[in-house]
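These are the residues of each chain, in order.
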Amino acid sequence: MNTHARRAAAATTSVLALALVATACGGSDDSGKDTKTVTLVTHDSFAASKKVLKEFTRQTGYKVKVLRGGDAGATVNQAVLSKDHPQGDVLFGVDNTLLSRPLDAGVFASYKAKGLGRVPRAYQLDADKHRVTPVDTGDICVNYDRKWFADKKLAPPRSLADLVKPAYKNLLVTEDAANSSPGLGFLLATVDSYGGKGWQDYWKKLRANGVEVVDSWEQAYNDRFTASRGGKGKGDKPLVVSYASSPPVEVQGVKPQPEQAPTGVAKGTCFRQTEFAGLLTGARNPEGGKALLDFLLSEEFQRDMPLTMFVNPVREGTKLPELFTKYGERIEDPATMAPGRIAKNREQWVKTWTSLAVK
Amino acid sequence: MDLTRREVAAPRAPLGGGGGRGGGRSDGRSVWVRLGLMAVPAAFFAVFFGYPVAAIVGRGLREGGHWQFARVGQVLGDPDVLHVLWFSLWQAAASTGLTLALALPGCYVFARLDFPGKRLLRAVATVPFVLPTVVVGSAFLALAGRGGLLDEWFGVRLDTSVWAILLAHVFLNYAVVLRTVGGLWAQLDPRQEEAARVLGAGRLSAWRRVTLPALAPSLGAAALIVFLFTFTSFGVIQVLGGPRYATLEVEIYRQTATLLDLPAAAVLTLTQFAAVAALLAVHAWSVRKRESALSLVPADSTAHRPSGAAQWAALYGVLVPTLLLLLAPLGVLVERALNGPDGYGFAFFRALSAQSDSATFVVAPAAAIGNSLAYAAVATLIALLVGGLAAAALTRRAGRLVRGFDALLMLPLGTSAVTVGFGFLIALDEPPLDLRSSWILVPLAQALVGVPFVVRTMLPVLRAVDVRLREAAAVLGASPLRAWREVDFPLVRRALLIAAGFAFAVSLGEFGATVFIARPDRPTLPMAVARLLGRAGEMNYGQAMALSTILMLVCAATLLALERVRTDSAGEF
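If you read the sequences in order, they're chains H and V.
Position 115 (the first sequence) corresponds to 115 in full-length UniProt numbering; numbering is contiguous.
Position 23 (the second sequence) corresponds to 23 in full-length UniProt numbering; numbering is contiguous.
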């Protein structure tokens, strides 16, 4: 009788083993020698119109397969860890706050994308080696609730210096710089503006003026900002650290379209992020990857980005959609910072910031 | 009379380890059978848990080609880290105690009393379990945060205190206790307690001396699961704790996903392991002597309509607070899903279906539901297969090896999801195991969390099956497989369905490492919710709430269907 049981156990074992082998094969079939597929590794916020991706396939014959690895930081760290066996061909979504680590680790292979000539030099942070290609920019700025300030007959703040004024006491909510990318961007804006020592004094004043720190953008914007959810939210802060593109997003899909976005942007509080893409070292399909990098700078893709990812195109002369021109703001002179400086100081800055702003 | 059975069953010879005193041929054989049964779960855990975790921890400890022992002292000597460890432990203990205290009366009511809407309510109670924690946190803020209902009515705000975290943990884990403990309780023969009362014991003392000991194993299991879940709590702590409260899990995430400081992450992971291992040892020690053969009866025969004022009072006294705790946050979400730009209506739901395929970002709800259900079905099958075999192998408690194996199966619950996810990334990267871009990785990662639920819900019931029934079957010539099929299976079918419900809910709610592994673009419901929540604007927020409502409905409908299967089969007991 034990032979029955033994046979059953053996059978189940082999079934599971078979299933594993089958899935393993299935897995490698999927992405193995297939030269018709190009795999794009990216973060959760990546988006592109299906139409545009189909256009890529029509032009080049390659199909895009998207792999997402969590937020931008996690995605980049995954690429660093798996650099000997990259997960795909192209990585999109590393910004200037994260750029040093993957460059130092040798994650990217050089490729000068077609169309780079139409991208301003200022965005080409790896112009000598072309290991990464700038694709889009976005500005992290303090947003304000237009209605709240109009009701209070108070002029909304315009600059970082305004935020520490008594008139704006207890009005601002920002995100944890340790975990949140807008939170970090806002901290970097203050460091860039006030310098290596001055920023700490600034934050002491900001703390004294009642800045509140929450964990994530979702909480700051959806739960605390007075203008969120069409003003139906129970938020208590009319100032929030968000993006320059948040006002257009507020208006998107709203019928009828209002005269003005419900929120505005304090133009003197911004930090510019540039997002890059690069060919992964050891990519299985480098030719497809190069074609995809070219396509990311093409007019079709650049024109599609504002309404899918709410970022600004880097290609000069790209026409912005009306949603952006009508409701958005152009930030003329944002703070920004070289990736090397960020990488060198980030941990220490965040630590100091935590003790100043949170504890 | 059933009480005497334990005396008979108790002096069984130990089987595993050294072969035991009664180690005749049949015992030797059953050791082999057990090892055979253990092979599949052991292989599964070795490949999909042990190897990846060892790979990432090893990489951290040996960064730069030499051992990073100096970092161990440095990390553990950091007062901030000790503070985080202490907070992780005490909030988990407090959450577990609070969950047990609030859920046990619920277990009684669901096990012993019949009332209309019972099945629906049991399914609804499990809904919080699958909701994305961001959504749960948001709902809690709406209730107990600044400007929330409690604030408006009573001036009470919990969002600045640790109470919001504890209550959210109760909300999320209520179903764990209700299903594991309540499931067994419903199968306990009420006549035992009645006998004790006839013999003169008071109501409470009869419960304490007869029912409580019988429930002990499942109570221990539920407490263990809740503790591990809250010990490794991530989303709730982030949303409700803000930057001031952090668990080890949050810290490991920060070190791994943000800073890529693998040595520090490795030390923290090992610390987490040590804490979990100590807990598992205490659990094993406390439960070891408590499990015994019980007289199990069909669940439907043990419940009755409430009779007398006391039982009605118990029913309402338990149901009303439970409903408030469980339904109020769910109600907030539904209200937000319906409160559209032009007043109440289905505007957000319409917007969801209109978006369908304009961009790859927003997902058509039908596609997201399909993806969620497909992943959950596969994950449930894997968890049932692996967990079922493990539970069958562990049925006879014996030997250190077996106990160690039992504890090992629980480890994934107490391990940081980001550690497992990043471990997958660097360990499963070469043929034949290059699963990184395969869809199967997602259900596999979810099954890791599902298996402990399957084992813990099935084991108390399997062990409660009277060994003499199996022996009788054997004497009558049945093979062990047949004895299992005809003796054990009918009795554990109910536990199997409860376990399936858990495995399914775990997958639907996307627990575990899946969040941290790059995966093919087949967005599930929780993923789609997270994407919408990450965008400004009333339309996006409203659609996130609408999608959360759909997630709740999918979960409740599936669990109700499982409940139906459960009752249909009751006649076979």
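Derived by calculation from the structure, the hints in this document are not laboratory data.
Please note that the accuracy of each hint is not assured.
[Stated by the list, open to error] A short list of chain V residues far from chain H (calculated; beta carbon distances all over 10 Å): (1) 259; (2) 535; (3) 542.
[To be verified] Here chain V is said to cover these stretches of chain H; the calculated rule only asks that three of the stretch's residues, wherever they fall, bring their Cβ under 8 Å from a Cβ of chain V: (4) 88-98; (5) 169-183; (6) 205-215; (7) 275-285.
Keep in mind it's a predicted model, so treat the numbers as computed, not measured.
Even glycine gets a Cβ: it sits at the ideal position worked out from N, Cα and C.
Against the structure, the hints:
1. 259: 7 Å, violated
2. 535: Violated, since 6 Å does not exceed 10 Å.
3. 542: 7 Å, violated
4. 88-98: violated (count 1)
5. 169-183: Held - the segment 169-183 of chain H has 3 residues with a Cβ nearer than 8 Å to chain V, which meets the minimum of three.
6. 205-215: holds (count 3)
7. 275-285: violated (count 0)
Comparing the model with each earlier hint shows violations of hints 1, 2, 3, 4 and 7; every other hint is respected.
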